[in-house]
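Sequences listed follow chains A and B, in order.
First residue of the first sequence: 1, per our numbering; consecutive thereafter.
First residue of the second sequence: 1, per our numbering; consecutive thereafter.
Treat the hints with caution; some may be incorrect.
To be verified - Calculated pairs, SDA-like style, for lysine to any residue (alpha carbon to alpha carbon, straight line, at most 25 Å):
hint, chain 1, residue 1, chain 2, residue 2
1, B, 176, B, 204
2, A, 32, B, 74
3, B, 282, A, 65
Claimed, not checked - Which chain A residues stay away from chain B? Per the calculated CB distances, all over 10 Å, these:
hint, residue
4, 29
5, 34
6, 87
7, 91
8, 103
9, 112
Keep in mind the hints are simulated off the structure, nothing from the lab.
Note that the Cβ used here is the ideal one computed from N, Cα and C, for glycine as well.
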Amino acid sequence: MKASTIVLSTIAALFLASIVAAQNQQSKSDPKWVAPADAAAKKNPLAGNTDALAGGKKLFMRHCAECHNEDGSGLQDAANLQLPEVQKQTDGSIFWKITNGNVKAGMPPFARLSDTERWQIVSFVRTLKEEPTGSGK
Amino acid sequence: MKISNCILPALLLVGCAPALRAQESPYFVTYDHHLEEPRNLEVDTSATIGSPGASQSAFIAPYMELEYGVKAWWTSELYIEGQSTPGDSTAFTGWRFENRFRPLFREHRINPVLYFEYENINEASRIFKEIVGNTGDTGEPVAELSKIRAHELETKLILSSDVHNWNFAENFIVEKNLSENEGFEFGYALGLSRPLATMASGENCRFCRENFAAGLEMYGGLGSTLSFGLHNTTHYLAPVLSWQVSENASIRFSPAVRLTDIGSPVLFRIGYSYEVRGFGRKVAHLFGGKG
Chain A
1 MKASTIVLST IAALFLASIV AAQNQQSKSD PKWVAPADAA AKKNPLAGNT
51 DALAGGKKLF MRHCAECHNE DGSGLQDAAN LQLPEVQKQT DGSIFWKITN
101 GNVKAGMPPF ARLSDTERWQ IVSFVRTLKE EPTGSGK
Chain B
1 MKISNCILPA LLLVGCAPAL RAQESPYFVT YDHHLEEPRN LEVDTSATIG
51 SPGASQSAFI APYMELEYGV KAWWTSELYI EGQSTPGDST AFTGWRFENR
101 FRPLFREHRI NPVLYFEYEN INEASRIFKE IVGNTGDTGE PVAELSKIRA
151 HELETKLILS SDVHNWNFAE NFIVEKNLSE NEGFEFGYAL GLSRPLATMA
201 SGENCRFCRE NFAAGLEMYG GLGSTLSFGL HNTTHYLAPV LSWQVSENAS
251 IRFSPAVRLT DIGSPVLFRI GYSYEVRGFG RKVAHLFGGK G
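Okay, chain A solo, but in the shape it has when bound (with noise of 0.2 Å):
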């Protein structure tokens, strides 16, 4: 066997076993991960703004959904956004996680996305409430 395709089988394996390793992460919160008093305290300029927030759900569905399913429930390692320890953060904070991520717990950074749809993101994300659990029948 040529060397060259002992390396590059070498190469693939890792890379399959890399996909498979990087899986088996849990949810949990993370109480370092909290936004500077400066940007918790930023007002979301787009509060109210229903054309600002249908793009919000476009832009949840495709960059959130993932992870955080598209009601925002959670999946497997990702918070699930319903939550009140979630809902109760403010508009500044959450705009502050979107942008820079948790990047050692799993959560990229989102600042390719422009300031305005970070924003319409945060207005979205105020739209996600937990389902009652019981039917008050």
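Fit chain B to the supplied structure of chain A, relying on the hints for placement.
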């Protein structure tokens, strides 16, 4: 030209499927600090087309990239490439394996990324994913050039900033050919880009401005440790345009104009990329990992 020699470039070109996200970088050569999202796989099919010059033949060099987000701070990429020269021949020119690492975990004014690549290519390679050293087309037949192997290591320091919806990126390149005594070769790539609209509409429109990004790249060689400087180096200036044609697919185009006397006068670049979201999750399911 043998029919079998046409198959690889044809497959690489036909493999193009529709896709580009508006926020996807429009650059062909310059890297910014935005890595592939974890577990996503981007399949990119591109081609570099060189116009004929005084001592250069026209050529087409198709290549395919498989880019995978291993972690939020680590992206891995595999390339395969070919080259065809009209009136000469077509050849498989090799493969490359690259990794990009983000050492800082927050957004900063300037964001560094470290890049490491191993190349197992031959001298017929013409994709020009980077330009380093003192470059020039020797005019030798493709069949002869493809016999000369080049095992190369390449590193880049990528610096990138996002300022008011503009991206500014600077790449500093060092390359070492392990097969020849060429010293260490140097190069650079600079880029700036911006989306044409910064607010997303609620509609799934195909031609709205938010689906387009435009910019400018400049790249070239800076000589080597054997001959450092701009003497006998190639430099290009290249407008770039990207268009997100569907939710997962994008098209990029760039005509690069030569600024010096060496190399092809114009390099046309075209690329199509398709993003497979959650690819790693799906593969992990197959192998019993937690999706």
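Against the structure, the hints come out as follows:
1. B:176 x B:204: violated, 46 Å
2. A:32 x B:74: Roughly 22 Å between the alpha carbons, so the hint for residue 32 of chain A and residue 74 of chain B holds.
3. B:282 x A:65: holds, 15 Å
4. 29: holds, 17 Å
5. 34: holds, 12 Å
6. 87: holds, 22 Å
7. 91: For residue 91 of chain A, whose nearest Cβ neighbour in chain B is about 17 Å away, the distance exceeds 10 Å, so it holds.
8. 103: violated, 4 Å
9. 112: violated, 4 Å
The structure does not agree with the numbered hints 1, 8, 9 stated previously, though it agrees with the rest.
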